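S.K.: So you can see what is in the structure, the chains are spelled out below.
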Amino acid sequence: MNKNIDINTNISVNDISYKMYQLISELFPICRSITGDGLRKTLYILQKHIPLAIHDIPSGTEVFDWTIPKEWNIKDAFIKNSQGKKIINFQNSNLHVVNYSVKINEKMPLPDLKEHLFTLPDCPDWIPYRTSYYKENWGFCLSHNQLLELKDEEYEVFIDSSLENGHLTYGEYYIKGEKADEVLISCHICHPSLCNDNLSGIALAAFLAKHLSQLSLSYSYRFIFIPGTIGSITWLALNEANVDKIKHGLVITCVGDSGKSHYKKSRRGNAEIDKAVTHVLKSSGQDYEIMEFSPYGYDERQFCSPGFNLPVGCFMRSPHGTYPQYHTSADNLELVQPQYLADSLSKVLSVLNIIENNKKYLNQNPKCEPQLGKRGLYSAIGGQTDTKKNEMAMLWVLNLSDGNHTLLDIAEKSGLEFDIIKKTADTLLDFNLLKACLE
Amino acid sequence: MNKNIDINTNISVNDISYKMYQLISELFPICRSITGDGLRKTLYILQKHIPLAIHDIPSGTEVFDWTIPKEWNIKDAFIKNSQGKKIINFQNSNLHVVNYSVKINEKMPLPDLKEHLFTLPDCPDWIPYRTSYYKENWGFCLSHNQLLELKDEEYEVFIDSSLENGHLTYGEYYIKGEKADEVLISCHICHPSLCNDNLSGIALAAFLAKHLSQLSLSYSYRFIFIPGTIGSITWLALNEANVDKIKHGLVITCVGDSGKSHYKKSRRGNAEIDKAVTHVLKSSGQDYEIMEFSPYGYDERQFCSPGFNLPVGCFMRSPHGTYPQYHTSADNLELVQPQYLADSLSKVLSVLNIIENNKKYLNQNPKCEPQLGKRGLYSAIGGQTDTKKNEMAMLWVLNLSDGNHTLLDIAEKSGLEFDIIKKTADTLLDFNLLKACLE
Amino acid sequence: MNKNIDINTNISVNDISYKMYQLISELFPICRSITGDGLRKTLYILQKHIPLAIHDIPSGTEVFDWTIPKEWNIKDAFIKNSQGKKIINFQNSNLHVVNYSVKINEKMPLPDLKEHLFTLPDCPDWIPYRTSYYKENWGFCLSHNQLLELKDEEYEVFIDSSLENGHLTYGEYYIKGEKADEVLISCHICHPSLCNDNLSGIALAAFLAKHLSQLSLSYSYRFIFIPGTIGSITWLALNEANVDKIKHGLVITCVGDSGKSHYKKSRRGNAEIDKAVTHVLKSSGQDYEIMEFSPYGYDERQFCSPGFNLPVGCFMRSPHGTYPQYHTSADNLELVQPQYLADSLSKVLSVLNIIENNKKYLNQNPKCEPQLGKRGLYSAIGGQTDTKKNEMAMLWVLNLSDGNHTLLDIAEKSGLEFDIIKKTADTLLDFNLLKACLE
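Residue numbers (full-length UniProt numbering), protein chains in the order written: chain A, 1 to 439; chain B, 1 to 439; chain C, 1 to 439.
No lab work stands behind these hints, which were simulated from the structure alone. Quick caveat, the model's predicted, so the values are computed rather than measured. Take these hints with a grain of salt, some might be off.
Which copy? The list can't say, so a pair holds if one copy fits it or any two copies do.
[As the list claims (entries may be wrong)] List of simulated lysine to any residue pairs, SDA-like, C-alpha gap at most 20 Å:
1) Lys413 <-> Asn270
2) Lys70 <-> Ala380
3) Lys388 <-> Tyr296
4) Lys435 <-> Arg375
The shape of chain A in the complex, shown without the other chains (with noise of 0.2 Å):
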């Protein structure tokens, strides 16, 4: 067990982030859905940065309760009016369909296409994004001062998109570590031109790969890209056998926008992970928000089904649904910003560290404190009010280290940050002055 794993070694998060904010520009033009080429070619891009594995799962694979749909690509739509014009045009913004509609080519009065336009009245120059999957429907997106200058006239409406049988596509990237136990990130990939929700996670997630597949790790880690629900359900369903190797996890998404650090805590409430994440944000020094678990949200909801009830916390900046961008065609590249995309890599980081480092350890003189001055480690003239930071962290660890207290639990009630009750372990360690704990 090396001891000095230190996941925040070797890396630029300030380089990373804007080889991520490359990388969420790259993908955002693409129109991705639970399904089809936009999903796949978004995978391509990423397999440039980490040797993605690709699974291709049938349409009507039963998955659980649920049935692998069928797959939805789209080569064009617009909406033309009596004079020709297209003045709704899918190559403009792919948000302009509704995701999952199905072919169409008719002529229609304006109080028929209203039935199948979709607009925001409240933010009336941005586009919603809405979806149809599990019903066959069809539809069209825009903005609603676009809506108010339609003119009572027909117009012609085209959707040439197929949903036939195919396939569900998602990445997997394994990276061994020294034990078996596995670490979790998931992040959904279904999302088109939106860059929050959920590009932004995308790319941290790939870059977070990347730098963790450099270290020598005690865990391993899976790192899933899948599409929302049906993704997650079909990933568990074909996966079920191994589930119970996930010791923690993260779902990650909107780590982009300016918003305060927001944590869903795990259904458990307790897990490490959700410990791990409350002590980094904490600690931070910022405004953030610990929520505790609901069934909605993203793909937590089926990780955290009372039949697998895994300690799987979702890490966000802004949640859904709070920020007004949410789902709409202004979540774009302004409102995510290199800078914040690398505080929220930073805090992924800090917690991967604990997770990695969070052992117990067992003070080797648990009689009475050791002499830490004759080994140089105390301050040789006494007497002084003040003590050291490290001093403290010493004797905090010697305390507590009895084989019940994680480094985490230490941090804790210390109140001092799980680094420096870190670096003193190893500090003791070197000094015989500990001994890990068998797991």
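Dock chains B and C against chain A, hints included.
M.R.: Positioned in the frame of chain A, the structure of chains B and C alone reads:
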């Protein structure tokens, strides 16, 4: 197990509140005590509404550490001044005589008389209510203003009462439910012309019993109308063998005044009844107060004595001793109003509705969410910011129906009202997505 | 088991406070250290008050990870300027010499001398207290103003001290109680002319011991007067086999200044001593502070090391390092005052009174309340709004005397003071309404 128990069905709380007030008005003039004809007359009047069994237990019967006292009855009482004028007259208010006063017919000077007079100097217009059950004595209660007017002359003191072997009387009404487990509803019936304490409780219990008797219920219900302290001690002594059937209970008192709702928890402090009342009061949108158990108050003192420790709390509006009219002539037909009786009844019904329906269920698709959309239970258009309350309720019920959470637990965790959670569980049962846990 | 132990009996805390102050004044001039003649002289003076056993443990003895150091003694020390004037003189204040300074007799220029001088720039009139127990060194402490006046000339430095094989000395006083279970009272005795830290603790412990020795007690009491750190380590090493007799303990220090009372909990955090002190401070009506355990401070560091984890807390007024006079010449006979010593002693007595009397009882009439009225324990006239405090106390003691609640638990639950609860239990015992639980 009928999943559709709805205790609030077929009841107009408003109509009943006027009937409760009418009953209170009818019972008000009667001179009740812990034994005697006033008590019997009260129970006979209640029999016009519910088929009460009336029990007479002989004086001298030993009940735990106590002995049932002699029966007290009173025909008349007065104090005449030296001019022969009745300046205090029992016929005007039965509060004028200290309850359980022994017979007397004597002349005495003012100083001697004063040792037997009770007043309220701080509320000089009101007559206090005093008792001397267990020490033979006599006395009169009067307004402090009346006392100040008494001249230093000789008075004729007359009490035509009897204290003889007889009976302690109480009423009991048992409503058989599907199971033998019982809910106990208790109120004291020993107070003379006092409305809130406790004609309000008597009226609420009587009409609650009448309503429940018309329903098909899971629990059996036992209503007891008993004199305070000695009545509950007697009842517990006679029914000691069966008290373990009592799974929940409420002492109901002071439920007709304008004060906010108060609930004093059972000695256990976290009994299901404690949680149910807390949920109802919290969900009411009104101000309320939850009080920890204390060994002073009403008959919960006996039900919660350490040898029984029954899960019985006390449901009130203004608690005893906290409102100025308490135990005075001002606790009258003005203090109690139909609207407050209605509100109290409505809350008790909601509490019992929780108790009746607070089951645990098992999600039949515990691994990942079941697909609600294909059953028409979930919105077909995805991507919207808002989730409907009933969809959230379904997700919560499914996520927490792991056999460990009652519907009330789910209501508390989700922040949703019990009624919504209950209706949602019914819907999910209809779709075979849930199954009730065996008890 | 004598139910009438009252630790506050036959003691005038006020009178004693002046004796404590007198003792502090007598001990003040002595130059104490962790070994040596000053320590012995201090213990001899204490023997005038209590029959202290004095133990001498040889230098070189191994005690856990430590070795008892050589014995240090000092006869004289000074610094002379070039005119031969003693500008620093040990005879004026023993704080002038760094404790454990080795012998020196040399002339040196100011820059060389300065490396061995300690001052307090922020409190330029005060002399700091410094030690160098475990690293051979020498030094002088002086006021910062004195330092600023030193001219750049040659100085004669003279310390006539010895550091030779000898002994570590400590005092111990055991008071045998009814049972072998012990209460440990510990204070450190190694500080030279410093009053609050810790002559105040020594004086309090000595007079507390004297008082307790006159009573008939349930617990046995062990008082130890030890040099800090090495003293408690030595004591624990020599008495390791018997420490499991220690059921409660207090380190007493800094109890004579005007600051509010502080209590640092034992490492267990919820030991009976922790609850008892908390109750006393909460009931005092004065401001106070309860501190969580931390592994820095006084000898509780050793008693609460993980291999012992004894239920020992630390009782103080202003904690170490939090008042400006701490470890300076301003911790003198003005800082400590009899009234604060009295208040501290009074609180410690109340704590020990709880510890002595904190039994569990069994209500002998657990089913319903016993009839207190027929025993003359309860007011005969009923119906009044107020209930007397002693009647409430009886109801609480009866209700919670189920074998699971100590008297302190009952005091806490009822919000009443321990003394009232204790007296009430005694009364109920007299009436055979309670029975003590077997331990």
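S.K.: Can you list which hints this structure breaks, lowest number first?
M.R.: none
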